[in-house]
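Participant: Produce the entire structure from the sequences given, and follow the hints as far as they go.
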Amino acid sequence: MKWRFDPRTILYLLIISQLVLFLDGSILMEIITVIILIIPFFLTRQLYWGIGISMIYILQLLATFFLLPKITSPILLYPLSMVSNGFRELIPGMIVGIYAIKFTSLGEWISLFKKWHFPKFFTITFAVFFRFFPTIQQDYQQIRNAMAFRGIERGVLSFIKQPRQTFEFILIPLLMNASQVAQDLTIAALTKGLSMPGKQTSLIQLQMTKFDYIYLTASTLPLIFTLGGFL
Amino acid sequence: MTAQAIKSTKASFQFLHTDNFFLKEINLAVHPGECVLICGKSGSGKTTFSRLLNGLVPNYIEGELTGEVKTYNLSAGKTSIKDYVQVVGSVFQNPKTQHFTANTSSELALPLENIGMAPEKINKKVTETAQKFHIEHLLDRDIFSLSGGEKQQIAMASATVLDPQVLVLDEVSSNLDQEAISCLQENIKQKKADGTTIILTEHRLAWTLNFVDRYVLFNSGQVIKEWTNAEFRALSNNKLADLGLRATDLSSKKQAIEKKKQIHQDFKNDYLLHTENLTIGYKKTTVQTNLGIGLDPNKIIGITGKNGVGKTTLANTLTGLLKPLGGKILWQEKLISAKELRKKSFLVMQNTNYQLFSDSVNEEVSLNAKHPEWKEKVLEQLNLTALAKRHPMSLSDGQKQRVAIASALLSGKKLLIFDEPTSGLDYTNMQRFGTLLRMLKQTDVIIAIITHDVELAADWCDEIIPLKQ
Amino acid sequence: MNRNKIIHIPDLISIGIYSALYFILVGVAEMLVVVIVPGYSYSYSPAMSALMTGAVFMLMVAKVPKFGAITIMGSVLGLFFFLSGLFPFALVPSVVAAVLADVVAYIFKYKSKIGLLLSYVIFSFNTTGPIIQLLFSPDSYVANLKERGKDASYIQNVFESISNYTGALAFVSLIIAAIIGGLFGQKMLKKHFIKAGIV
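Sequences listed follow chains A, B and C, in order.
Take the first sequence: its position 118, counting from 1, is numbered 118 in the UniProt record's numbering, and each next residue is one higher.
Take the second sequence: its position 329, counting from 1, is numbered 329 in the UniProt record's numbering, and each next residue is one higher.
Take the third sequence: its position 133, counting from 1, is numbered 133 in the UniProt record's numbering, and each next residue is one higher.
Hints were generated in silico from the structure; no laboratory data involved.
Any given hint might turn out to be false.
[What the hints assert, rightly or not] With the C-beta cut set under 10 Å, the calculated list includes, among others, these residues of chain A facing chain B:
id, residue
1, Gly-151
2, Leu-174
3, Ser-202
Values in this document were obtained by computation on a predicted structure and should not be read as measured data.
Think of the CB as a built atom: it goes at the ideal place given N, C-alpha and C, for glycine as much as any other residue.
Facilitator: Right, here's the structure in full:
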């Protein structure tokens, strides 16, 4: 099955996920919300994400209800409650975040920003920001290789032994290359009309589908039930 | 005579904060539909001149322009860059740093979006352009997953999606292999057939003979000479070399390479390092199997092959970054582990920016040096003594490359692999690099070169290992 | 208007690239903190970030010494935080810290070292959204324990004291880390980027 959320739906889901956190309602509301949010992973066969997050969430639930009450030592209780309880509450937001970053393209977000008349200085910067991540990853790999050839330690140990030095060795080539890319990218972008005045249009036309409406409704139900006192 | 597409009249240009004119009184006229190639050494002003044609100079890259450079009715320095957008399309040297988006279709659509074309039309235009360049299969793909050649085709399509009357191609073939160049060549011919005026700047010339109408030679910011296609074809490789230009007839070079092929033999006595039934790859992907190759300090060895055939994987395996998936690597007949190989070897990367860490050449070459006592001598040999106090990043690409080599020599490396060391180099610099190789051959360091540069392989390598699928 | 004072396309591209590097470093800092000591050590991730991002900030300001650059950087980072879904309310401190940092840098004309250091310390608060959210969100787990009939008053006391203590310490450590990180950044700028002629 191939479909994706409209970015507007994702924004709505983001807000819902936060309301769930803030209302701090019953655990049932939280569980239902998580189930509703996680279903699309399975429908689109993203089993890696679907199963992975389900497992983490279930472990956190189990820890919260069966492990935490048995622990009396504050030293243990404290970090554990953070991991199983504090971080658990972030799961709904995290799921929506994965849809937003991993399963929504830069083009779709930019299309929405243009539609909503975000200023150009923002959309352009955001586009470059998004596009640059793969470059950082590739650069980092090259730098790691270069360090190996130079016999510069690069493992975890080196960060403990001489953190400042190791950090500098990685950071400086990254920044140097970034400055170089900034110039090349500018030259190319200028010749492609990035500085043209007037409204920019979009190849990608956003279209809400049946699914979006279903999700807008479904994700709101647990909240309504909670506020209505049913859950 | 109709109006000229490009007309440069006594154009001189001086960069901001410099004292001398870089371009001097350039007169050049190009008529509509003509294809002109500007050649000349690095620093001769080709690229700067090409940037006068698309408005980048002096609008973005600042400086003082005298005289006049007109592209149709646009005048450099007087017209804003945005007015050039629909008249001139531009493609640049580095495939990795000129795409603005992460998706191929978005990249083609970008100029159309910027001029505010209606969405339905954008879609149609993107599809049409892709069909024209035969790159429909590349649409809606992650640009980062494409090869350099494919990226360059996307850049080309994106530059022409607005149907500009003029196309400026600035050293677009530098980073490409033969196959990618022929794809690009088809795309250029297509645009020429449409009547687009095309200006190229290039070091590699052989691939341009069947579509360029006129060749113009730049030297120290001046136009020195012009040839028609027929006149240029008639120039011998030697004559071109005298002018500081690369060869146009590669057939003799290709024959030479054929003769230099390393013949699978008993490597035992003649090669310091050799492999037996070596299988290379990464993670679970096997790239090459059953490799038997030999490397030795007394021979400069070239490794050639198409993009994606496994040259980089081989280099990474020989330098110990990757473990062999099977077979053996033997150093003086003894099995050598990846870890030991990593200690003994050094890869001079295509982009040496990644391998320079210090704030001066002195510091750089002394970092983890095993033989600091060799420093003076090595710097001298590599012509770096005068630069010792400079920051490595303030140096030219060739100088950076030599700093990387110096650092490898001082850390007592015994195997030096170069990754595409001459891509984007003019004839003089390529020859200079060749001389450097000869010098390194005198040492006890094994030298191997990954290259798609036919001239480098033919003129300066002793043996060639051609990798095949 | 003076051409060199307003932000152009080339500036936006630089800001975008440096923001991406900034974001990656923040991500690395948070990972480090969470991996080293799981749990509430998370509150120190802004301090760790501030320690690491100084050079990116200083280089960005040196490249684009114009009013608005820091604000745009903060807004883009904030929006990305928002979209990542983990801490959507990080958007607010991100933008506020960035605007204030921009104003401070502007007062010092983007030149004074002390001024930029101060600007950086303020900017470093842009990553505090998550911890504000965590520190001040109701201690549901304590309530939870009570519900289950456990004598939790002792534990609750411990929680509250650690919680207050953590909050104060997180912010003090952030300021100290930002000063160190900012100075390191300025040192890197001088040692590498000015010397190499990049700036």
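Participant: Would you mind marking each hint as holding or not holding in the structure?
Facilitator: Checked hints:
no. : hint    : result
1   : Gly-151 : holds (5 Å)
2   : Leu-174 : holds (9 Å)
3   : Ser-202 : holds (6 Å)
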